[in-house]
Amino acid sequence: MYIPITVDHIARVEGKGGIEIVMSDDGVKEVKLNIIEGPRFFEAITIGKKLEEALAVYPRICSFCSAAHKLTAVEAAEKAVGFTPREEIQDLRDIVYIGDMIESHALHLYLLVLPDYLGYSNPLSMLDRYRKEIEYAMALKNIGAKIMDYLASRPIHQENAVIGGFGKLPTKAQFEELKRELKEALPMAEYTVELFSKLEQYKEVEDKEMVHMAVKPRNGVYGIFGDYVKVSDGFEFPVEDYQKHIVERVVEHSFAKHSFYRGKPFMVGAISRIVNNAHLLYGRAKELYAQYKDLLRYDNCFANNFAQALELVYFIERAIDLIDDTLAKWPIKPRDEVEMKDGRGVSLTEAPRGILAYTIEVRDGKVAYADIITPTAMNLAIMERHVRMMAEKHYNDDPEKLKLLSEMTVRAYDPCISCSVHVVKL
Amino acid sequence: MESLILALGNELMKDDGVGLKAGRILAQKGYNVIEIGTDIFRLQRHYNGEERLIIIDAILSEEFRPGEVIYLSGEEIFEKLKAEIRSAHFMGAVDGLKLLMALDERLKNAELHFIGVVAKEVELGMELSEEVEKAIPRVVELVEKLAGN
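Protein chains in written order, with my numbering: chain F, 1 to 426; chain V, 1 to 149.
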């Protein structure tokens with residue numbers, strides 16, 4: 001007898017996806033994540049477009065990760081045409097990207113993950129009892145959004161970030177305002193660490209074979225941009241070689257390809273960054289890392305939630321430092337002229353959900369080839385493995401409990417399954 | 001009475017971009033428009049206490065024909081747009097709006113209007129279908145009527 005347990009639409013993940021667990025008399029027969037994943041199809045839209053036009057399309061793939069898409073695409077494009085930005089421009093890009101990181105982590109932790117642990121179906125129903133937590137979520141999200149608003153001009157589509165630098169820069173007073181608000185946000189981030197340190201990391205999905213992948217930060221400080229990828233098995237490879245080491249395979253049940261490293265699933269995300277790069281943390285986050293090291297487990301995907309909480313503290317402090325560096329160099333020329341040349345550029349950056357890979361090939365000022373792999377696509381295979389582990393431990397339990405635990409497992413990865421459509425139904 | 005126009009959608013998905021395209025026309029005419037995209041929470045940072053909110057978005061409907069303009073107001077918005085599909089992201093725009101209203105008394109008291117255009121094609125592409133394109137002047141006209149004090 002087969003009993004299919006289906007979650008048609010995983011509540012509170014970004015986009016649309018479903019989990020299908022097929023049970024037989026003697027256990028779990030099959031687990032499938034049915035995913036509709038958008039970005040892959042967007043590559044096609046940009047082929048043949050002028051480079052600047054294409055760079056306006058990429059951030060539209062996702063409202064929530066628009067800075068990540070934009071800045072990764074810009075770096076790939078600059079590499080393609082043989083341009084390297086000045087250090088102060090790179091610092092400003094780090095600040096924008098940190099805005100994305102803060103906004104995304106705050107939403108994920110408080111509005112997506114926390115309701116499960118507190119026994120609520122959605123954040124709205126939490127409001128009476130946990131108003132402070134919802135307000136912290138919105139305040140943290142807002143400082144992230146404000147950073148992107150000030151530096152990237154338009155809050156959603158980042159049109160101010162361009163090849164060669166920025167269209168225009170915020171005023172010194174705006175940087176000072178951001179710094180002040182980031183300082184005010186720091187206690188909320190520390191509260192987040194304390195709160196999430198108390199939440200269970202389910203042992204059912206402990207996986208000693210977990211392999212984590214993260215970009216090796218370029219400047220020796222825990223961060224976002226880099227030229228190499230580190231794997232937790234000790235291997236490193238240049239970002240240009242990602243298509244050799246991150247091998248995508250079509251799977252029958254999903255529109256999205258699954259990714260493998262040396263034939264096996266792997267994980268990317270906040271916990272993967274911590275596993276590979278924790279020694280590069282500094283400041284309060286370094287102290288918190290020492291205090292909570294046992295919770296930052298390489299072998300449990302639920303540790304990703306806590307890793308995001310720790311990163312909130314880190315990235316807020318890091319943004320303050322980068323703003324100080326920026327102000328020390330003020331005034332800054334926003335943009336350098338870039339000469340268009342033919343070429344191919346690869347950029348791998350650390351998006352909130354893990355490695356985001358872009359390859360852009362430029363010919364006669366137009367995009368001749370583009371390849372995008374999102375962190376969610378990289379995580380799909382290992383996500384499926386861990387849902388299966390959870391299902392195997394709970395197949396005799398109440399199906400509702402199994403559904404919830406399976407959804408929580410998926411949510412721990414903070415997947416962004418498809419940000420492409422949002423229409424309402426009448 | 002001050003109005004804020006919220007343009008929702010994703011213009012990479014054909015008719016889903018109708019809200020943004022109508023919103024840009026209104027912005028050029030001098031109206032107070034914010035492009036929300038697929039993240040309703042952007043509203044919070046850009047809300048300055050306007051007493052009237054006008055949401056423009058694409059809708060899917062089996063009952064109405066592509067290009068039809070549907071108008072809802074007040075509570076009716078939450079009652080009729082319950083079943084959000086493929087909704088952005090964890091909560092969907094309507095539930096997200098409810099949360100924001102619970103957090104901000106001014107928003108809770110604001111007059112709410114929703115203008116939806118029935119989509120024909122919601123798939124990869126940057127062009128609107130002919131039916132939806134033709135609906136834009138009606139959307140603009142309706143917003144101007146609502147926003148006129």
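Take the hints with a grain of salt, since some may be wrong.
Examples of chain V residues lying across from chain F (beta carbon under 10 Å, computed) [to be verified]: (1) G96; (2) L100; (3) M126; (4) K134; (5) E144; (6) K145.
Below, simulated EDC-like cross-link-like pairs (lysine to aspartate or glutamate); rule was C-alpha separation at most 16 Å, straight line [to be verified]: (7) K216(F) to E236(F); (8) K98(V) to E135(F); (9) K98(V) to D128(F).
No lab work stands behind these hints: they were computed from the structure.
As the structure is a computational prediction, the values presented were derived from the model and not from experiment.
Glycine included, C-beta positions come from ideal geometry on N, C-alpha and C.
- Honestly, which of those hints from before does the structure not fit? 4, 5 and 6
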